[in-house]
Every structure is written in structure tokens, then in C-alpha cells.
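Protein chains in written order, with my numbering: chain A, 1 to 172; chain B, 1 to 179; chain C, 1 to 119.
Be careful, since some hints might not be right.
[Said to hold, decoys possible] In silico EDC-like pairs for lysine to aspartate or glutamate, Cα to Cα no more than 20 Å straight-line:
id	chain 1	residue 1	chain 2	residue 2
1	A	Lys118	C	Glu65
2	B	Lys140	A	Asp46
3	C	Lys34	C	Glu109
4	C	Lys110	B	Glu131
5	B	Lys140	A	Glu126
6	A	Lys122	B	Asp154
7	A	Lys118	B	Glu131
8	A	Lys122	B	Asp134
9	B	Lys140	C	Glu65
10	C	Lys34	C	Glu102
[As the list claims (entries may be wrong)] Footprint (simulated), chain B over chain A, 3 or more residues, beta carbon under 8 Å:
id	region
11	20-32
12	42-50
13	101-113
None of these hints come from the bench; they were simulated from the model.
Glycine included, each C-beta is placed from N, C-alpha and C at the ideal position.
Chain residues, written in single-letter form:
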Amino acid sequence: MSTEEIDPTKEVNRIYVESTIIMTTVRLVVPFVFAYGLFVMFHGADSAGGGFQGGVIVAASILLVGFAFGIDATRIWISELLTRMAIVTGGTIFVLIGIGSVLNGGAFLDYSAYGLDKTGIKYIIEIIELAIGAIVSGVLIGLFFTLAKGDMRSGEDEQKSAESGQDQEATS
Amino acid sequence: MLVTITLQAVLFLALFIALVAVALRDVLNSIIAFAVFSFAVAITWVLFAAPDVALTEAAVGAGITTILFLVTIARTVRPSSEELFESIGWRGGVLAVALMGLLVVTVPSLPAIGSTSAPIATAELTNYYLENADTETGVKNVVTAILVAYRGFDTLGEATVVITAGLAALIVLRQETFL
Amino acid sequence: MLELIGTHYSYFAYVALVGIGLYAVIESSNLVKKLIGLNIFQVGIFLFFITGGYITGGVPPRVAEGGGPYVSPLPQVLILTAIVVGVSLTAVGLALIVRIYEEYGTLDEKVLSEAQINE
Numbered sequence: 001m002s003t004e005e006i007d008p009t010k011e012v013n014r015i016y017v018e019s020t021i022i023m024t025t026v027r028l029v030v031p032f033v034f035a036y037g038l039f040v041m042f043h044g045a046d047s048a049g050g051g052f053q054g055g056v057i058v059a060a061s062i063l064l065v066g067f068a069f070g071i072d073a074t075r076i077w078i079s080e081l082l083t084r085m086a087i088v089t090g091g092t093i094f095v096l097i098g099i100g101s102v103l104n105g106g107a108f109l110d111y112s113a114y115g116l117d118k119t120g121i122k123y124i125i126e127i128i129e130l131a132i133g134a135i136v137s138g139v140l141i142g143l144f145f146t147l148a149k150g151d152m153r154s155g156e157d158e159q160k161s162a163e164s165g166q167d168q169e170a171t172s
Numbered sequence: 001m002l003v004t005i006t007l008q009a010v011l012f013l014a015l016f017i018a019l020v021a022v023a024l025r026d027v028l029n030s031i032i033a034f035a036v037f038s039f040a041v042a043i044t045w046v047l048f049a050a051p052d053v054a055l056t057e058a059a060v061g062a063g064i065t066t067i068l069f070l071v072t073i074a075r076t077v078r079p080s081s082e083e084l085f086e087s088i089g090w091r092g093g094v095l096a097v098a099l100m101g102l103l104v105v106t107v108p109s110l111p112a113i114g115s116t117s118a119p120i121a122t123a124e125l126t127n128y129y130l131e132n133a134d135t136e137t138g139v140k141n142v143v144t145a146i147l148v149a150y151r152g153f154d155t156l157g158e159a160t161v162v163i164t165a166g167l168a169a170l171i172v173l174r175q176e177t178f179l
Numbered sequence: 001m002l003e004l005i006g007t008h009y010s011y012f013a014y015v016a017l018v019g020i021g022l023y024a025v026i027e028s029s030n031l032v033k034k035l036i037g038l039n040i041f042q043v044g045i046f047l048f049f050i051t052g053g054y055i056t057g058g059v060p061p062r063v064a065e066g067g068g069p070y071v072s073p074l075p076q077v078l079i080l081t082a083i084v085v086g087v088s089l090t091a092v093g094l095a096l097i098v099r100i101y102e103e104y105g106t107l108d109e110k111v112l113s114e115a116q117i118n119e
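Just need the whole structure built from these sequences, with the hints factored in.
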């Protein structure tokens, strides 16, 4: 363990250390974790799970990619438009389904106003679960990258994923 | 009986790990102990027959919260010191013991754990949801049915809280967009 | 007394967690450890709610043919929302900590309070 304070502005602490083990493992594991997150989102109606759990697992899989390949590289790969669109689309779908039931004569978010049988209501619930999953995963991914960038007007230039370097240094 | 003994063991382990997380001085040690604490609590939720809560606690507590903590101490500073444990402060100790004493006085009046005459477990509303969730919504998981169908407005409020937290983090850090 | 601990063990665990969390929030000098204490406090409150809805020998609230006594789903719904609100709170708190570090250069509470007195 180091005995002086770790200063993130020093050059030695900001170098992103490439580790073949982490990169290979993440490259193998991340598609399965992402698929599992989507499964939990879709299958929340019939077993444990749902929108929140699935959204968090999907966000965690993207953050794993951030650990392995560097935060700046991942930031370029996940385009900013995709994250923003995920949040906006999820929120809009949720509210539009609610307003749609008001237009059909019921209360806000009253699914029986659509006049569907119970299978139709199950499809509406699935769509809302997907919307919630999109919101949660978009916000959590955005929060991670925002925290990693830090305060933008302090005059320092961007970190080169000092967090990977920090973890490796901390566990050595 | 086996479930009870396992529950007591896991709860005791979670308490011990929480004490360790608070007592260690280095903040990285505390974060790692907090991740283990989240796992122990997730196992507790499974033993209490709450699998949705266990999934959420494991993913959120041991996953996202730990990752965010690690990014924060990588972005700021991890102060080093020579000692392993924190020093005991008396102000916090007196206040914590006072609050614990107040709460412990109320514990004997609560029903025993798992008793079938507990008010939450036998309420009319609970029976209504358990019987009618499948026929009215077609969803077998009653927790999802309540979250999205019967109490959907609260879920909309929760989605609003999540989005607002993202916006608040952006404003505090003076950035203009995510990523 | 011992029998009371035997039948109410998780209520005593929740009181202990609340006490540990409160102590960490008040007494830690590092700001990140205060947030860890806040999360421990929240987990204690969740424990209180979920043990309220538990039935001995109960199964999770997923309706199946001829299932046993179902555990009450209402506290679980409440706690699900509360966990997500808790992570949002932690995220905003961490953003504030990063900003405080950029302004003052330290995360120690005692140094920060002296810096604010001298401003």
C-alpha cells in the first residue's frame, strides 16, 4: 500500500494500464451479461426480475467494458446520442401510455381503458418494463461517465481512466 | 428450522461486516467491506422469500454503488494513514446508542417473525392482490403486477427520481451532457 | 429475554444496523465513509419492512398452481422503489463529493470545516 496520497493529476497515476487478462475476460463475458440483463428485463412478468433489475445489469455490463478498455475509448464507443435517446424514449413511452388511457376515457395509467383482454394488458406491462429498463440503464451509464470526467471547468484535462490504474495499484 | 438458523447466521455475518466497514480507516477497505455487506444482505432477502428485492440489492448495492464509490475515490483522493482502525468518537457513539435504545424499546411489541397473524400478511388488500393479479393482468409475478399495473403512478415517480438524479449530477459537475 | 431474541432476531438486527449507520454518518471524517454509513442505515430500514411481511414457510409471491402460503408482496414493492431512490441519492452525493474535492482539495471533514470558518 502506498504511503503518500494518490494524486490524480500526476502523470504516473493517470496512465491506463492495459491488462490482457482483463481485456480477454471482459470480451468473453460481457455479451452474456448483457443478454442476461435483457432476459431479466423481458421475463420480469413471470419470474423474479423486471425493468429495474434488468436495467441495472445492462448498465453494469457496459461499465465492465469501461473497466477493461479505458474510459475514454468506451466513451467514444457508446455514443452520447444513444444514451440520451434511451432515457428520453423510455420516459416518453411511459408517459404516452398513461396519457393514451386518459384519451380513451379512463384514468391516468388505467390499462383497462384500452379495452384489451388480459393478454393485451400483459403486453402493455412488458412495454412499460422495457421503458423503465431503458431509463435506468441510460441514467446509470451516464452517471458513471459523468463522475469519471469530474468537474469540467477546473482546468484539468480529462482522465485517462485513472480508475483502472488505481485499482491495479491498490491491489498490488 | 434450518431456514431460521441460516437467517440468523447470515444476519449476524452482515452485522459484523457492517461494523468492519465502519471501523476500518482506509476508505478503499470500507468500500470493499460494503460490497461484501451488500452480498450478505442480498442472501438475507433470498431467505426472506423476496427474490425481486434480492436481485435489485445485489445488482445495485454490490454492483453499481461499489463501482460509483471506486470511481469517486479514483477521481479524488484516497488519504493514507498508518493505523488500521478508526478512533472512537463519543458524540456519535452517544447519539447512536440513544437511538438504538429508543428503537429497542419498541421491538417487543412487534409480532414475532413469520407469525401467521401478522397484520401485513393477513390484510384484505394483500389477499386481493394475490388472488386477482393473474386474472386481471395476466402477469404471474405479483410484485411486477403491483409495481406496474396497480401502483403504476409510483413507478412513474420513481423513474422521475432517477432522471432527476442524473440531471442533478450533471448540474453539480457543471457539464452539459451525459458522457 | 433470550426467547425474545430468538423470535425477534431480525428486528434487533435492524436496530443494530441503524445504530451503526448513524454512527458512521456522524463520526466519520472522510466524506465517502459518511455515504457508506448512510447506505448501511437505509439497508437497516429495508430489513424492518421486509421482515414485517414474512410468513414462516412462505413462498415468494409468484402465483403458481396450488402454491403454499404466499409472502406479502406489498413491502417488497415499497423496498424495490426505495433501493432505486437510495442509489440515486448516493450518486448525487458522490457528484457533490467530486465537486467539493475540486474546490477545496481535500475530503476530510475537519479540514473542510476549518476552511469554511476561515473563508
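Comparing the hints with the structure gives:
Taking the CA atoms of A/Lys118 and C/Glu65, the gap is about 19 Å. The hint holds against a cut of 20 Å. Between the alpha carbons of B/Lys140 and A/Asp46 the distance comes to roughly 5 Å, so the proposed pair stays at or under 20 Å and holds. Between C/Lys34 and C/Glu109 the alpha-carbon distance is near 10 Å, which keeps this suggested pair within the 20 Å criterion. Between the alpha carbons of C/Lys110 and B/Glu131 the distance comes to roughly 56 Å, so the proposed pair goes past 20 Å and is violated.
About 13 Å separates the Cα atoms of B/Lys140 and A/Glu126, which keeps this hinted pair within 20 Å; it holds. With a CA separation close to 19 Å, the supplied pair A/Lys122 and B/Asp154 stays within the 20 Å bound. Straight-line distance between C-alpha atoms of A/Lys118 and B/Glu131 comes to about 15 Å, which keeps the hinted pair within the 20 Å bound. Between A/Lys122 and B/Asp134 the alpha-carbon distance is near 10 Å, which keeps this suggested pair within the 20 Å criterion.
Pair hint B/Lys140 plus C/Glu65 holds up; C-alpha atoms about 11 Å apart against a cutoff of 20 Å. Taking the CA atoms of C/Lys34 and C/Glu102, the gap is about 19 Å. The hint holds against a cut of 20 Å. Here the region 20-32 of chain A counts 0 residues with a CB under 8 Å from a CB of chain B, which misses the bar of 3, and the coverage is violated. Evaluation of the coverage hint for the region 42-50 of chain A: fulfilled, as 7 residues show C-beta separations to chain B shorter than 8 Å, against a requirement of three.
Figure legend: the region 101-113 of chain A, annotated as covered by chain B; annotation consistent (3 residues with Cβ-Cβ distances under 8 Å, at least 3 required).
The structure fails to meet hints 4 and 11 from the earlier list, while all remaining hints are met.
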